[in-house]
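Novice: Assemble chain R onto chain B, guided by the hints.
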Amino acid sequence: MAEIVLQRVMKNYGPLYAVNDVSLTVNDGEFVALVGPSGCGKTTTLNLIAGLLPMSGGDIVIGDRVVNDLDPKDRDIAMVFQNYALYPNKTVFKNLAFPLQMRKLPKDQIDQKVRDAAKLLDITHLLERKPRELSGGQQQRVALGRALVRDPAVFLMDEPLSNLDAKLRVQMRSEIKRFHHNLNATIVYVTHDQLEAVTMADKMAVMNGGFLLQYDTPANVFANPINTFVASFIGSPAMSLIPLEGVTSGTDASLRSPEGWELPLSPMNARKAASSTTSKIVLGARHSTLKLHKTQVPGSVPGKVYTVEPTGDVTFAQVFINGAVVNISVEPSVVIHPDEQVFIEFDQERMHLFDAETTMALQAA
Amino acid sequence: MSIATGQATRPLIGQVAKRPSILSRVIAHRTDYLYVLPAIIVMLVVIAFPIYYTIELSFFRTPPNLQMRDKIWTGIDNYRTVLSSSVFHEVTIQTIIWTAASTFFAFLLGLGAALSLHREFIGRGVMRALLLIPYVISAVAASYVWKWLYHSDFGVIGAISVQLGFTDEPINFLDNRQTVLASLIVVNIWKEFSFAMVMLMAGLQTVPDQLIRAAQVDGANAWNRFWHVTFPHLKGVSMVTVLLLMVANFNSFIIPFVMTGGGPADASHIWITHIYQLAFGRQQWGIASAYAVILFVVMMALGYFYVKALTRGDEARAG
Chain B
9 MAEIVLQRVM KNYGPLYAVN DVSLTVNDGE FVALVGPSGC GKTTTLNLIA
59 GLLPMSGGDI VIGDRVVNDL DPKDRDIAMV FQNYALYPNK TVFKNLAFPL
109 QMRKLPKDQI DQKVRDAAKL LDITHLLERK PRELSGGQQQ RVALGRALVR
159 DPAVFLMDEP LSNLDAKLRV QMRSEIKRFH HNLNATIVYV THDQLEAVTM
209 ADKMAVMNGG FLLQYDTPAN VFANPINTFV ASFIGSPAMS LIPLEGVTSG
259 TDASLRSPEG WELPLSPMNA RKAASSTTSK IVLGARHSTL KLHKTQVPGS
309 VPGKVYTVEP TGDVTFAQVF INGAVVNISV EPSVVIHPDE QVFIEFDQER
359 MHLFDAETTM ALQAA
Chain R
1007 MSIATGQATR PLIGQVAKRP SILSRVIAHR TDYLYVLPAI IVMLVVIAFP
1057 IYYTIELSFF RTPPNLQMRD KIWTGIDNYR TVLSSSVFHE VTIQTIIWTA
1107 ASTFFAFLLG LGAALSLHRE FIGRGVMRAL LLIPYVISAV AASYVWKWLY
1157 HSDFGVIGAI SVQLGFTDEP INFLDNRQTV LASLIVVNIW KEFSFAMVML
1207 MAGLQTVPDQ LIRAAQVDGA NAWNRFWHVT FPHLKGVSMV TVLLLMVANF
1257 NSFIIPFVMT GGGPADASHI WITHIYQLAF GRQQWGIASA YAVILFVVMM
1307 ALGYFYVKAL TRGDEARAG
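Each protein sequence line maps, in turn, to chains B and R. By the working numbering, the letter at position 264 of the first sequence is numbered 272, and the numbering carries on one by one without gaps. By the working numbering, the letter at position 276 of the second sequence is numbered 1282, and the numbering carries on one by one without gaps.
Same shape as in the complex, but just chain R:
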């Protein structure tokens, strides 16, 4: 009896099991669609519409003397303008430097902090709390504090370096095209390395003690234990952390905007601040929109890798 029913549900050899049509599958799940409908409507209003409107605007010119509804169709002119402008190239390079350097050093610093905090020692809790401060304080407040630290006349950093005899006079960190981007990157690393630290500390918890002991018995020194046991275990969380940092850095706005506003002479602009300036400073909505669409495409690509990294982590764990 049970054998007979077992065979009946299985398709016979050579016969392709027929998949139910999309429509019938949708109908079968109609209540599920109903449940997610409110969320979808909200998403459409606050996300999909702005995206659509930005894409639309990117094909128009919006001279300041015209009303928005009288915008002028220009095709892909805005894209051409953006992509061929020398400022765009300069800002793109700055964005890449900003993102890469911030991500790399924040991750490295976070990894170091996580590894040193992973061992037990007296005062570990206090250290952990202290190192978390940059991450939890407001970025605007931090930016103002750093702006003051960097200040060419009253800045603490300049004063200390003069007193210690490193320099004859205070360095002008922010009003100098050569040093401004690096100075901002330092602030950004300081601000976000604790995020990497928290992520990696969580990752370190998953490294089995027994594996470390096995490696110890097998003769691995501290570096080899890290390289052969700990680091492979951190691969998944590292990938996610780096991607999240990259996305956050591509999108970061507060630090450059508050500290320099992109100056001097665009030397500390990154894409986001530049777009903001074009749109809300110079009212060049069309150009800014085209610019934003380019950024959007780049972000989507990053997002794709992020999701891929996430699901790969799941697969590795499932296996």
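Same shape as in the complex, but just chain B:
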């Protein structure tokens, strides 16, 4: 196993930067998820680590070697692909044996390693089958096996679960997590599904537009999103963002809505609001931090119910506040109806303030 270091990695296609100045360190044995929407550069970053694409700039270190100019086969990596990429004309055994064969291992060693890997992944009974005779989950396990059999320093996984149906995906999610735990492997895992990243990874790197926005543990990313993009991308339902106007009078500060109401800020939040470049501030709040009231209470603002979605143990409601859709979760016993006037109370401790101009989270000066 080994650590991976990316230093100011760049990849451009003409004027288009697919990966823009990305630096991050994946520690030995860590499971890191690269997460972001389609086209954010996460798969390109993975391919750069694998050596499948040439870099435009920067350095990549795997273990203690700079691998910039090394071929994929010399980087001591293994890769699991979105469509599994099993060789269709080869049996499962031969698929697993292929990377060893290419490294010219003796036959008996190949046989032993393939059988060990197959046993670990519980696919021994499938060894003589062709990939097309396997289910999606089995193919995925074979793909993992082909990566595992070589005992590489680093595992790179490119959306390995996105071709599976929802139920199987949840199951394979825990299997890959278990796989990581058992092998103590260094894994870089690309996904567009923030839930996969949050549930599986030790750390997640949120990317957008080729930039690495935030690199931290899922809990920290969830609790302290660095900007409005990360805030709205991580978490389900997404964090609600309400654009408002910051008003200060002396040491007191509040957020004012063009709808006429005003939300006073705590001293801490007032200091944050003061650091904004302009008076335009975005208020962010997660559904679980909000309280719904039928009548106005101090620190609450008016809104209009848009939809109500009961899910059994919790009911989600979408409420229009100042033209923005705000997600809120309430007890199933609470009865609300669309178009009903309600009042939403914010938790000053757990609300987020963003600079509307720069989209960055505001910090207390």
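Worth flagging that the hints you see were computed from the coordinates, not collected in a lab.
Calculated cross-link-like contacts (lysine-lysine; reagent style PhoX-like; alpha-carbon spacing at most 25 Å): (1) B/Lys102 to B/Lys127; (2) B/Lys98 to R/Lys1314; (3) R/Lys1241 to B/Lys102; (4) R/Lys1241 to R/Lys1314; (5) B/Lys127 to B/Lys138; (6) B/Lys185 to B/Lys127; (7) B/Lys175 to B/Lys185; (8) B/Lys138 to B/Lys121; (9) B/Lys81 to B/Lys112; (10) B/Lys115 to B/Lys138; (11) R/Lys1314 to B/Lys138; (12) B/Lys98 to R/Lys1241; (13) B/Lys112 to B/Lys127; (14) B/Lys112 to B/Lys102; (15) B/Lys138 to R/Lys1241.
A short list of chain R residues far from chain B (calculated; beta carbon distances all over 12 Å): (16) Tyr1059; (17) Met1074; (18) Ile1103; (19) Met1133; (20) Ile1139; (21) Val1162; (22) Ile1163; (23) Ile1177; (24) Met1207; (25) Val1299.
Glycine is no exception: its CB is placed at the ideal position from the N, C-alpha and C atoms.
Specialist: Here is chain R on its own, set in the frame of chain B:
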């Protein structure tokens, strides 16, 4: 309710489901037969009748001094004559060499061209267009051009080889029993390798990028990637291409006919040109027909494998 109807439509155990008779099935599809009838009539007139007439003629002798309707029944004599003639043996060997060599090298060249054009490089479009030229220009025109290139006195190839000092005097490519067939095969390969190239380029498009990348990560070098990933993917299209080339080469006529007419001394005859000469040159209709029937049987065998290869490709894709 739904369970009951479900069982009623299924035959009970031990009872064999009765298949409807052929007649009732034909009647059930009577309009379908009506729709294909015009096509069938055309096929009967332009294909089935000539085949029948050729087979009939192959059992008769047609001396030039008699009218066709006075042809003389000879049984299988024509077949015996054809199969035992030394020229037939010679031409058969030439046909096999012609077909095998043309197919093999055209495929190989086409594969090479397809693989090199598959990578992106500046001028790829132009190269592709240039390499397609042989396939799209008229075979008759190409034959005349090559005939001139090969010409013993005025040919460009001879002149260049003399100037470069390879030979003392221009080689006589076409008027030489030893070199004529090989010279024609070169022209044929030049003419049809782009067909193989186009087919294989299409085949290469179907090789998933991810598989190539997986092989790269697995440590496969360029040759191993080709051998373990690309080539297995090309199997189906290769089979079809080789069979189509073989059929085309068995049936090719223009190049040998225009360039040498089968000469010198039958050295560049293949079956088709030989049959043509026997029929329309020497008016030996019976012999030529028997000859054609033999060719027909061989072609049918090839066609059988062609269809088999095609359907196997479908099955592989379906699976």
